[in-house]
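In order, the protein sequence lines correspond to chains A and B. Just so you know, we're using numbering that gives the first Met the number 0 here: the first sequence kicks off at 0 and counts up by one. Just so you know, we're using numbering that gives the first Met the number 0 here: the second sequence kicks off at 0 and counts up by one.
Keep in mind the hints are simulated off the structure, nothing from the lab. None of the values given here were measured: they were computed from a predicted structure. Hints may contain errors.
[Said to hold, decoys possible] Among chain A residues calculated to face chain B with C-beta under 8 Å, some are:
no. : residue
1   : R68
2   : P72
3   : Y98
4   : R178
5   : P210
6   : Q219
[Claimed, not checked] No farther apart than 27 Å at their CA atoms in a straight line, the calculated lysine-lysine pairs in the BS3-like style are these:
no. : chain 1 : residue 1 : chain 2 : residue 2
7   : A       : K311      : B       : K354
8   : A       : K151      : B       : K354
9   : B       : K141      : A       : K159
Note that the Cβ used here is the ideal one computed from N, Cα and C, for glycine as well.
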Amino acid sequence: MTRMMKNLARETTRTPRLFARRPVLWMLASAAAAGKLAVRNVAAATWPDEPITIVVSTKAGGGFDMMARNLAPALAKELGVPVNVLDKEGGAMVIGTRYFLSQPHDGNTLLVTGPAPYWYADINKFHAGYDLKDFEILNVQWTDKTGVFVPKGGKYQSFKDIIDAIKAHPGEVSCGVVRDSGEFFNAGILMSALKLPLSAIRLVTYEASAPLRTAVAGGQLDFALVSLEASLSMLSLMTAVAIFNDTPIPELPGTPTADSVLKAEGITTTFVPSSMRALITYADLKEKYPDRYARLRGAYEKVLHDPDFLAKAKKQGVGTDWLGPEQSLAQIKAAYAIFDQYKSLLNQ
Amino acid sequence: MIDWQALASAFHILGSSYSAWLLTIPGIALGMLGGAIPGVSSALILAIVLPATLWMSLLSALIFMTAIYTGAAFGVAIPAILMGVPGSPAAVATSFDGYPMTQRGEHNLALGLALAASTLGHMGAYLILFVFIGVISHAVLKLGPLEMLLLMLWGLTLIAALRGRYVSRSLLSGLLGILIATIGLSPRDVIRGTFDLPELLDGVPVVPAMIGLFAASELFNLAGASYLVQRSDLRTVSVRDIARGMLQALQHPVVILRGLIIGATIGGLPGVGAAVCNLVSYAETRRGDKHPETFGKGNPKGIIAAEAGNASSEAGSMATLLALGIPGGASSAVMLAALSLHDVTGGPQFLDASKDVVYAIILNNFVQGAIMLALGLGLIGLMANIIRIPVRVLIPVILVLATFGSYGLSGNMAGPATMVAFGLLGWFMQRHDYSVPACVVGLILGGKVENALLQTYQISGGWQLSYFAGRPIAMVLLVLLLFSLFSRPLMQTWRARRPALGAAPEENAIESV
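Extracted from the complex, chain A is given alone in its bound form (with noise of 0.2 Å):
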């Protein structure tokens, strides 16, 4: 019976992707089935012949949701077939994480997730069961910022200011962060360099960032610190008066460092980087299925140079960045090494 049972859960998740999940049209699937089994056959030596699925492991409308959303068109010109966006949120990302895992290791899924500062969490905090040799990062894709947020027309509209309130009155001033984010640890390390109590600020959390940013645009909290360049579409709803970088973006050519705004105060420190957004596959495709792995990544590879994807990307404000496997987790591990110095912080 249960052999049964796992026979049948097997041969679903194998059936097509695009119909699988969906009950209506589990009749469309199994006529469609009959007429491709030919044409499959035929096919069946250039990989990809079905949908491709990325597994987002946020809500929709954030960040990660953004470059997946964002991609998947031009992944799907580039490899000749329709490649889908799937959500699936939930405890700190592990929950898509782990469906990840759970799917077939044929490079029909990828995932779009954050190896750090988030894994870091997954792995030290909750146990969750998988550790970075278990994934091929294809590529650390979007490091984003930390931006300093203030509603419009909010009580402060500097850095300088928020930082001053939080010193003349402790555990006056509301802050929003996403709860384990880089921006988390960060709020952490600012108010060590002020050398004040965490609870000096009123640290509000969200499991995400789009309603931290609804929050923030809504005028509910003092100040917040997000990923800067998923922010950046809703200036006009609120200010960013710091960011956590070396130097200011072009973006946003009149807000100042925080460090040169800490540096004012007698402050020097290391935030860490915000939120790595990484598209990535299987530590056993390599090997299991080479072709497919040098298919998938030379096609990613093309996708991140195509001048018009760029472009667009640009636009909305998505990051670009190619840095291959190797230099990827070269960069996650380095981080690694800065969390590891303010681990206490996850158990606050």
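With chain A held as given, fit chain B onto it using these hints.
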């Protein structure tokens, strides 16, 4: 508030674009059919058609997608009314009075009520959107965690209202629902009640659990019966009765208005949506009514309130999506993706630059309401025949569909497993007079309430009164909530005491003895 020039331009676009109109009817039909299958949500259908919108113009794509959304909002009511099985949290409140009406043989009437309320809610909310889109989208942003908390508590008070024979057992079922909602990773990152099963880290999947609770409990219950409607003379499909139901809905404009204001304002907030709107609208209508005890037993106003609240939340979510670029839920996130496929980012700039497109979508949605009325009439005429199917055939078909639906939702066996587990629980609860709807309300709202509660605690610096004093909207909501909770018992006490003070003191003296 209305940009007349953009409006004229919107008429022009709509008049010259036949493809947008061609897509409206199939869109509504697709949404309605999909919505009528338990477990298939509008977000699912939208995600399936998303790649196709790449070949449409921006306007056609948005119109097609809103048409699906519109159709699905009504489609979910059909199984909720006919079988007591809401296919999505958006139709939970519809089933409270819809299914009892079906059992009494008033299925035609109930479906007519739902169709009219849905259509009016949809059109009315778009009318609000048409006039106030800029204002409403910004006003919605003013609702912080405290306001959300109060709104959801309002919904949660339904637990006490949805009682069966014993109040205590209903409260217990509501608590059980809330308790189940706490399973998984808490908003404070504490892992609770997962028994180390990674599948439970994100909590119990709500929709399969809900379908299990409702479907299995209802269907097991029916196993002894031969038909959904006991009396064979009532087992008919009557267009006249459906039309009568539609007219009856018109007699309760206040209920509809209340529902559509709730839907149009809070429907677009991230994490609220139709799932909360239909419950809040139902709770409010029930409490404002002279005979609240008739709700849950087949009161037509219950269906009207639920459907108006649920159908109007589409307009609410379109307001935040188009005017702010914020997706309120899964469906509008897919629409946001469609916008980005067309190189458009929603938000104030889009609203300013493309107000004609926004108006065109709104105008088209008025027409969608009319089309939905016609298509819906045909569909419910067809679907109402379910009551003629012997229960022994119906049960396996529904269970199989629901199993596929829950598999589709989770993408693995966790969905069907949850459905079966909750089916058994639902059957047990039903058998022993524990209210299943109360448990579902707890399950749907429990997690949301906890998140809002934590954020309120954090943002107020640990319940500092100065924060609450600066939130006038919240204070109004709180007063309304307290008033609606306690006004009736207080009034009753007052009325009971009044004769004591006035005309008949002796009588009262005897009574009090």
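Hint check:
1. Nearest Cβ of chain B to the Cβ of R68(A): about 5 Å, under the 8 Å cut. The hint holds.
2. Using the Cβ-Cβ criterion of 8 Å, the hint placing P72(A) at the interface with chain B is satisfied: the shortest such distance is roughly 6 Å.
3. A least Cβ separation of about 7 Å between Y98(A) and chain B falls short of the 8 Å threshold, and the interface hint therefore holds.
4. The criterion of a C-beta within 8 Å of any C-beta in chain B is met by R178(A), whose closest approach is roughly 6 Å, and the hint holds.
5. A cut of 8 Å between beta carbons decides the hint on P210(A): the least distance to chain B is about 5 Å, and the hint holds.
6. Nearest Cβ of chain B to the Cβ of Q219(A): about 4 Å, under the 8 Å cut. The hint holds.
7. Restraint check for K311(A) and K354(B): the C-alpha separation of about 23 Å stays at or below 27 Å, so the hint holds.
8. Taken as a hint, the K151(A) and K354(B) pair is honoured in the structure, with Cα atoms around 23 Å apart against an allowance of 27 Å.
9. Pair hint K141(B) plus K159(A) holds up; C-alpha atoms about 26 Å apart against a cutoff of 27 Å.
Every hint, counting from the list given before, is met by this structure.
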